[in-house]
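In order, the protein sequences belong to chains S and W.
The numbering used here puts the last residue of the first sequence at 1047; the count rises by one with no breaks.
The numbering used here puts the last residue of the second sequence at 161; the count rises by one with no breaks.
Rather than coming from a laboratory, the hints here were simulated on the basis of the structure.
All values reported here derive from a predicted model rather than from experimental measurement.
Glycine included, every Cβ here is placed at the ideal spot set by N, Cα and C.
There may be inaccurate statements among the hints.
[Claimed, not checked] Computed list of chain S residues with no C-beta within reach of chain W, every gap over 12 Å:
#1 Ser673
#2 Thr754
#3 Ser810
#4 Asp975
#5 Asn1037
#6 Trp1046
[Stated by the list, open to error] Here are the simulated lysine-lysine pairs, BS3-like style, with alpha carbons at most 30 Å apart:
#7 W:Lys149 <-> S:Lys654
#8 S:Lys969 <-> S:Lys953
#9 W:Lys114 <-> S:Lys888
[Claimed, not checked] Which residues of chain S face chain W? A few of them, derived with a C-beta cut under 7 Å, are:
#10 Tyr755
#11 Lys815
#12 Tyr929
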Amino acid sequence: MSKISELSLTKIVNGIKKKDFSSEEVTKSFIDSSKKSKKLNTYITECFDEALKFSKNFDKKKDYKGLLSGVPIAVKDLFCTKNVKTTAGSKILHNFIPTYESTVTNNLWSQGAFLLGKLNCDEFAMGSSNETSFFGNVKNPYGEKLVPGGSSGGSASALAAGLTPATIGTDTGGSIRQPASFTGTVGLKPTYGRCSRWGIVAFASSLDQAGPMTNNVEDSALLLQAMSGYDSKDSTSVDKKVENYSSNLTEKIKGLKIGIPKEYRVDKMPTEIDDLWKKGIEYLKDAGAIIKNISLEHTMYALPAYYIVAPAEASSNLARYDGVKYGHRARGKNLIEMYENTRSEGFGNEVKRRILIGTYVLSSGYYDAYYLKAQKVRQLIKNDFDKAFKDVDAILTPSTPSSAFKIGDKSDDPVSMYLNDIFTVPVNLSGLPAISVPAGYDKNNLPLGLQLIGKAFDEQTILNLSLAIEKRANFKKNYKVWWS
Amino acid sequence: MSIDKDTVKHISKLARISLDENKVESLSKDLTSIMKFIESLNELNTDKTTPLTSIINASLKSRKDEVKDGKIRNQILKNSPEKNDEFFVVPKVIE
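Isolated chain S (complex conformation) (with noise of 0.2 Å):
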């Protein structure tokens, strides 16, 4: 038998079931695989010791009712965790340790699973490749140079190297999808409103959604279904029934229409990345998929209206680090004086970027000019999602426009590295469902995503194409372990 910690959640969790192994050899194999880890840096925060009590406790009591039962899971560090320190990647936040749970973690603890650790992310959620956290970069299993992607970053090189099972992310621009893309891995960004976003650290409230990130498409929905549903305490979450996405996960997709948007074939975008997005359009083909060629007009739009609401909306949800009630406290003169220089040590220089041009696009004079026109922007580019939806159940497109680039290569650019965010930006501003499954190499045996982006509400669907997808793909980790 290979080594627990190279198995899929959903073998762990029947593996567990069927006594063929028990929770504290599961949990001691993660351990073991993640204290071998040290130079991927996913880890801010062990909680070894505990998920090894949490095990054997189980083992004792046997209860395997959960979807879940008796595995440990490491989270990112934006989901508040009750008496662990929760840190979202920041220095401002290096100390903070909630007094309650998120709802989003607390349903996985519902369903029989345990904390493991609490992974490394880009600063607030703020980046596409884990440089911007206070903990330093996290690595990509692939490469010793290479950015895992970003800025469920430490959550994705995890999963990948075998360090947990699976694990959840955000994703407000793409947080999810693009490392998953970067690390071979599968990751789902569900319908805004499908999870709750109470306990998880604010970055844009009006995009943050929580979203499984997994080995394969069956254990994504085993995931999902776990961690959704709606929560009294956060309005925006959705009162509507979680399908079971598991039992209803099928490879017949006969006759699905998938829309091609020809506006995602963007300008120097290697070919490579091109011939997979063609070989994804004859893997549904052979599933029995029709295909159609949709437009999807206000595209190029996508990112500059994100780079107007995103930091519109996390320069007024970070007013809430001063100093006063949590957190990284400086010295100062007077109150006024206390709270620039907090604010000033305790924040990094893309979180700083990202508060000054929110800052700038809400004050006085500028309101209508950036915001109200980037929420008409907005309007336009659902508009589009909407009329294409009238003719087709999903649409695909790559994950992102390269493969995992190396660490330094864009952090010294904002807008290239923003840049990286292109396919995905546009469904968080439309609160749609969407999914990057790994479907091939490049010529430098790095792994490359494929999208599919749903209906509203609509992940069973995206989830099923997927699987046809990894089906026909045949997609295996092919890294050469380099860090233990």
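Guided by the hints, dock chain W onto chain S, whose structure is given.
Below, chain W alone, put in the same frame as chain S:
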């Protein structure tokens, strides 16, 4: 629109972030390039478009206005960098 050094200083003040003088120049350059990127939106005529206010077609639920928790002062104060038994402590505000 370019964001000159005075504007950088002004918005930093609004955002309550103190800036080192030597960082103002590079921030002005970064913010200007971001604003240039954003301004491609001006190509679009949106005179007849209504701005988006909600992305999901679901009406907000109303709930009873009732107290569900409380008596958690110690929890709320727990993470404060400076406090006494009952209050957050801040530098003197009133002379």
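Now the hints, each set against the structure:
{"no.": "1", "hint": "Ser673", "result": "holds (19 Å)"}
{"no.": "2", "hint": "Thr754", "result": "violated (7 Å)"}
{"no.": "3", "hint": "Ser810", "result": "holds (26 Å)"}
{"no.": "4", "hint": "Asp975", "result": "violated (9 Å)"}
{"no.": "5", "hint": "Asn1037", "result": "holds (36 Å)"}
{"no.": "6", "hint": "Trp1046", "result": "holds (33 Å)"}
{"no.": "7", "hint": "W:Lys149 <-> S:Lys654", "result": "holds (20 Å)"}
{"no.": "8", "hint": "S:Lys969 <-> S:Lys953", "result": "violated (41 Å)"}
{"no.": "9", "hint": "W:Lys114 <-> S:Lys888", "result": "violated (44 Å)"}
{"no.": "10", "hint": "Tyr755", "result": "holds (5 Å)"}
{"no.": "11", "hint": "Lys815", "result": "violated (29 Å)"}
{"no.": "12", "hint": "Tyr929", "result": "violated (9 Å)"}
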